[in-house]
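> Residues per chain are reported as follows:
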Amino acid sequence: MVDQADGHLVQQFKALYDRTYDRVSAFVLRRGFSEHETRDVVADTYMTLWRRIRDLPDDSTLADAWVFGVARRTIANVRRSEKRRGRLAERLFEQHHVDSPSAPEVPDRILQVLAELPRRDREMLQLSVWDELTHAQIAHVVGCSENAVAVRLHRARKALRRQYDAQIGGRGTS
Amino acid sequence: MTDQRDDDLLERLRRANPVPAGATAGRRLTADADALFADIVRERIPPRPHRRRAVLIAVAIALLLLAALAAFFLRREADPKQPASAACYSAADIHARRVIFGVAGNDPRTACAEQWRLGNIGSGPLPDFAVCVLPNGLQAVFPGESGSTCDRLGLKIAGSGRRDESTFSFDLGLKIHQQCFDEAGARVLVREQLVANGLANWEVLVRHDRPFGRKFPCADVSIDIPARTVTIVAIPDPFASVPPG
Numbered sequence: 111m112v113d114q115a116d117g118h119l120v121q122q123f124k125a126l127y128d129r130t131y132d133r134v135s136a137f138v139l140r141r142g143f144s145e146h147e148t149r150d151v152v153a154d155t156y157m158t159l160w161r162r163i164r165d166l167p168d169d170s171t172l173a174d175a176w177v178f179g180v181a182r183r184t185i186a187n188v189r190r191s192e193k194r195r196g197r198l199a200e201r202l203f204e205q206h207h208v209d210s211p212s213a214p215e216v217p218d219r220i221l222q223v224l225a226e227l228p229r230r231d232r233e234m235l236q237l238s239v240w241d242e243l244t245h246a247q248i249a250h251v252v253g254c255s256e257n258a259v260a261v262r263l264h265r266a267r268k269a270l271r272r273q274y275d276a277q278i279g280g281r282g283t284s
Numbered sequence: 627m628t629d630q631r632d633d634d635l636l637e638r639l640r641r642a643n644p645v646p647a648g649a650t651a652g653r654r655l656t657a658d659a660d661a662l663f664a665d666i667v668r669e670r671i672p673p674r675p676h677r678r679r680a681v682l683i684a685v686a687i688a689l690l691l692l693a694a695l696a697a698f699f700l701r702r703e704a705d706p707k708q709p710a711s712a713a714c715y716s717a718a719d720i721h722a723r724r725v726i727f728g729v730a731g732n733d734p735r736t737a738c739a740e741q742w743r744l745g746n747i748g749s750g751p752l753p754d755f756a757v758c759v760l761p762n763g764l765q766a767v768f769p770g771e772s773g774s775t776c777d778r779l780g781l782k783i784a785g786s787g788r789r790d791e792s793t794f795s796f797d798l799g800l801k802i803h804q805q806c807f808d809e810a811g812a813r814v815l816v817r818e819q820l821v822a823n824g825l826a827n828w829e830v831l832v833r834h835d836r837p838f839g840r841k842f843p844c845a846d847v848s849i850d851i852p853a854r855t856v857t858i859v860a861i862p863d864p865f866a867s868v869p870p871g
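Going down the list, the sequences are from chains A and B. Taking the numbering used here, the leading residue of the first sequence gets 111, the next gets one more, and so forth. Taking the numbering used here, the leading residue of the second sequence gets 627, the next gets one more, and so forth.
Keep in mind that the hints are not guaranteed to be accurate.
What the hints assert, rightly or not - So the derived list for chain B, only partly shown, Cβ under 7 Å to chain A, looks like this:
hint: 1; residue: Ala642
hint: 2; residue: Arg653
hint: 3; residue: Leu655
Stated by the list, open to error - Just the calculated beta-carbon pair ranges, DEER-fashion:
hint: 4; chain 1: A; residue 1: Ile278; chain 2: B; residue 2: Arg679; range: 51 to 61 Å
hint: 5; chain 1: A; residue 1: Asp275; chain 2: B; residue 2: Ala686; range: 56 to 66 Å
hint: 6; chain 1: B; residue 1: Asp634; chain 2: A; residue 2: Leu119; range: 41 to 51 Å
hint: 7; chain 1: A; residue 1: His118; chain 2: B; residue 2: Gly648; range: 49 to 59 Å
hint: 8; chain 1: A; residue 1: Arg272; chain 2: B; residue 2: Arg641; range: 17 to 27 Å
hint: 9; chain 1: B; residue 1: Glu637; chain 2: A; residue 2: Leu119; range: 38 to 48 Å
hint: 10; chain 1: A; residue 1: His118; chain 2: B; residue 2: Arg641; range: 38 to 48 Å
hint: 11; chain 1: B; residue 1: Leu655; chain 2: A; residue 2: His118; range: 18 to 28 Å
hint: 12; chain 1: B; residue 1: Thr656; chain 2: A; residue 2: Asp168; range: 25 to 35 Å
hint: 13; chain 1: B; residue 1: Arg631; chain 2: A; residue 2: Gly117; range: 38 to 48 Å
hint: 14; chain 1: A; residue 1: Leu119; chain 2: B; residue 2: Arg679; range: 15 to 25 Å
Unchecked claim - Far from chain B by the CB rule (all over 10 Å, computed), these chain A residues:
hint: 15; residue: Arg189
hint: 16; residue: Ser191
hint: 17; residue: Pro228
hint: 18; residue: Arg229
hint: 19; residue: Val252
hint: 20; residue: Gly253
hint: 21; residue: Ala260
In case anyone wonders, no lab produced these hints; they're calculated from the structure. In this text the structure is predicted, and so the values were computed from the model without any measurement. Just so it is clear, CB atoms sit at the ideal spot from N, CA and C, and this is done for glycine as well.
Using the sequences plus the hints, can you model the full thing?
Right under this line is the structure:
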């Protein structure tokens with residue numbers, strides 16, 4: 111039972127939950143989890159957030175980033191405990207097309223290229239391009255400075271280009 | 627050119643997003659999401675981590691204080707100033723025959739003197755006693771002069787260390803200036819103070835080049851610690867009123 115003193119925290123948590131639930135679900139799905147697994151990861155993420163609700167940043171942009179940071183750590187914990195997910199990066203391409211109803215019908219080879227990037231580059235591109243987080247939010251999620259995010263993103267873009275050219279043979283982007 | 631190609635590639639990546647923005651729209655409105663929210667907020671929120679940390683720090687400080695208090699009392703128990711027992715030696719030698727006796731807060735010299743009188747530890751006239759501290763903390767009473775005996779045996783002087791001589795000088799100076807002592811009275815006073823401070827083997831001299839008399843009726847003292855002598859000196863009466871003019 112939630113007592114009176116925690117009432118305002120429930121309100122705070124509800125606002126955060128309403129604001130981020132859909133995006134966090136997408137965030138987890140994009141990391142290769144099935145619908146069923148995604149529900150579990152999302153539940154664990156919000157349970158952790160509720161236990162630490164008193165540490166919630168006042169700024170809503172940072173608060174949202176904090177949610178994604180917790181989701182990211184929850185995913186890392188799940189992956190550590192499930193060794194079968196050790197090769198998730200390689201399965202990213204096919205997984206998305208099995209589980210996601212909104213995925214393009216014809217798989218884009220860019221996904222294969224992405225799956226073969228180093229984990230750090232891949233994560234930067236996912237957070238920026240797919241999750242549409244700002245540099246400040248990414249910095250909050252991965253625990254580094256905004257400048258570091260800018261540098262890492264620049265490297266990730268170059269890595270994506272190099273990998274793409276190596277696979278496609280530099281024949282263009284289409 | 628390269629930047630444009632990079633931008634194109636990123637745009638292609640964006641379009642290939644397996645779960646595009648909006649694909650999960652409306653999930654929050656499902657019964658599952660509502661049920662999850664209700665389950666989560668049913669759990670009581672734990673106290674702030676820093677409050678727990680503060681409690682831990684307070685407990686640690688309390689434990690440290692308790693440990694300090696315990697150490698203080700243990701040290702006090704073991705303090706040779708308040709020993710439960712002492713050893714009385716038959717000679718100024720750490721390997722000499724000895725008797726261990728309870729002192730119960732009394733001066734161990736007194737107890738040791740009693741052992742001498744009873745013939746339990748030595749014989750002959752009562753010597754001066756030096757009270758030293760053995761390495762194990764036990765007080766040890768040796769026949770001999772207070773300061774030098776402990777030094778020679780490589781032991782610490784018990785109680786207030788070398789304060790015997792200084793206490794004697796201070797006490798004697800205080801007492802002899804309280805009133806006008808004649809020669810005999812001064813001798814008695816000096817001897818009492820020497821015995822009281824474990825310095826009974828000191829020599830008491832009288833300066834004869836200025837005898838006691840009407841002009842110099844009172845006693846003062848000159849203490850020579852290295853020579854272990856107290857010299858009584860006749861001085862004018864310091865309490866006599868000075869005639870005007």
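> Now look at each hint and say whether the structure bears it out.
Hints, verified against the model:
At its closest, the beta carbon of B:Ala642 sits 4 Å from a beta carbon of chain A; the interface hint therefore holds under the 7 Å criterion. Because the closest C-beta pair between B:Arg653 and chain A is about 5 Å apart, less than 7 Å, the hint holds. Interface restraint check: B:Leu655 against chain A, minimum CB-CB distance 9 Å, threshold 7 Å, status violated. The hinted window of 51 to 61 Å between A:Ile278 and B:Arg679 holds, with their beta carbons roughly 55 Å apart.
Between A:Asp275 and B:Ala686 the beta carbon distance is about 60 Å. The supplied range of 56 to 66 Å therefore holds. For B:Asp634 and A:Leu119, the Cβ-Cβ distance of about 46 Å falls inside the hinted range of 41 to 51 Å, so the restraint holds. At about 31 Å, the CB distance of A:His118 to B:Gly648 disagrees with the hint of 49 to 59 Å. For the hinted restraint 17 to 27 Å between A:Arg272 and B:Arg641, the CB-CB distance of approximately 21 Å keeps it satisfied.
Between B:Glu637 and A:Leu119 the Cβ separation comes to about 41 Å, which falls inside the hinted range of 38 to 48 Å. Our hint of 38 to 48 Å for A:His118 and B:Arg641 holds, since their Cβ atoms are close to 42 Å apart. About 24 Å separates the C-beta atoms of B:Leu655 and A:His118, a value consistent with the hinted range of 18 to 28 Å. A C-beta distance of roughly 29 Å is found between B:Thr656 and A:Asp168, which places it inside the suggested range of 25 to 35 Å.
At about 54 Å, the CB distance of B:Arg631 to A:Gly117 disagrees with the hint of 38 to 48 Å. For the hinted restraint 15 to 25 Å between A:Leu119 and B:Arg679, the CB-CB distance of approximately 20 Å keeps it satisfied. At roughly 18 Å, the least C-beta separation between A:Arg189 and chain B is larger than 10 Å, which holds for a residue marked as non-interface. Look at A:Ser191: its CB is around 21 Å from the nearest CB on chain B, clear of 10 Å, so calling it non-interface holds up.
At roughly 16 Å, the least C-beta separation between A:Pro228 and chain B is larger than 10 Å, which holds for a residue marked as non-interface. For A:Arg229, the condition that its CB be more than 10 Å from all CB atoms of chain B holds, with the nearest at approximately 16 Å. Every beta carbon of chain B lies more than 10 Å from that of A:Val252, the smallest distance being close to 19 Å; the non-interface claim holds. Every beta carbon of chain B lies more than 10 Å from that of A:Gly253, the smallest distance being close to 18 Å; the non-interface claim holds.
The beta carbon of A:Ala260 is kept farther than 10 Å from every beta carbon of chain B, the shortest such distance being approximately 14 Å.
When the structure is compared with the earlier hints, violations turn up for hints 3, 7 and 13 and for no others.
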